[in-house]
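Asks: Sequence:
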Amino acid sequence: MTVVPLDPASPASHAVGIDFDQTLVAHDDGWQDGRIYGKPIPGAIESLRALKQVRSVFIMTARPRRFHPAVAGWLREHSGLEALVDEDPERAYWQGDCLLVTNKKLGAAVYIDDRAVRFTGDWTTTLTQTRHAIGLPSAPVPHRC
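Residues are numbered in the numbering used here as their position in the sequence shown, beginning at 1, plus a constant of 10.
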């Protein structure tokens, strides 16, 4: 894993990005029109608080923007931390004191996500893992000409 220490010259090093659904909140009954009905995943809130003590934290969600205030409310209710909905279409980094809820992948030292395939520089392995993750059989990678 690449280590990204705090660097005053690198705004990305100041933040951690965390996915919301199935990473912080568990929901076993599907989408349900965007309603947030799940409880925190065990250890999620304690980890969120610990990370917030050492870095800025933003919460990423693929939910439509109309659901972002509900995500912020869920975070406030369960963590006791202040949460803000991202209203800046030009934002590329987050260095704030409260949690930021966004649908953008902002610059960060690290991302925590339940659906990620870790890229290590080897596209053959990455493609195999990705095909498996989306339910496809492994296939040989075409050779270069």
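Errors might be hidden in some of the hints.
Once the Cα atoms are required to be at most 20 Å apart in a straight line, the calculated SDA-like pairs of lysine to any residue come out as [as the list claims (entries may be wrong)]:
{"no.": "1", "residue 1": "Lys-115", "residue 2": "Lys-49"}
{"no.": "2", "residue 1": "Lys-62", "residue 2": "Thr-135"}
{"no.": "3", "residue 1": "Lys-62", "residue 2": "Asp-96"}
{"no.": "4", "residue 1": "Lys-114", "residue 2": "Pro-74"}
{"no.": "5", "residue 1": "Lys-62", "residue 2": "Asp-123"}
{"no.": "6", "residue 1": "Lys-49", "residue 2": "Asp-124"}
{"no.": "7", "residue 1": "Lys-62", "residue 2": "Asp-29"}
{"no.": "8", "residue 1": "Lys-62", "residue 2": "Tyr-103"}
{"no.": "9", "residue 1": "Lys-62", "residue 2": "Pro-18"}
{"no.": "10", "residue 1": "Lys-49", "residue 2": "Arg-73"}
{"no.": "11", "residue 1": "Lys-115", "residue 2": "Arg-75"}
{"no.": "12", "residue 1": "Lys-49", "residue 2": "Arg-65"}
{"no.": "13", "residue 1": "Lys-115", "residue 2": "Leu-94"}
Calculated from the structure, these hints are not laboratory results.
Asks: Evaluate each hint against the coordinates.
Replies: Hints, verified against the model:
no.	hint	result
1	Lys-115 / Lys-49	violated (24 Å)
2	Lys-62 / Thr-135	violated (33 Å)
3	Lys-62 / Asp-96	holds (17 Å)
4	Lys-114 / Pro-74	holds (11 Å)
5	Lys-62 / Asp-123	holds (17 Å)
6	Lys-49 / Asp-124	holds (16 Å)
7	Lys-62 / Asp-29	holds (15 Å)
8	Lys-62 / Tyr-103	holds (15 Å)
9	Lys-62 / Pro-18	holds (17 Å)
10	Lys-49 / Arg-73	holds (17 Å)
11	Lys-115 / Arg-75	holds (14 Å)
12	Lys-49 / Arg-65	violated (24 Å)
13	Lys-115 / Leu-94	holds (16 Å)
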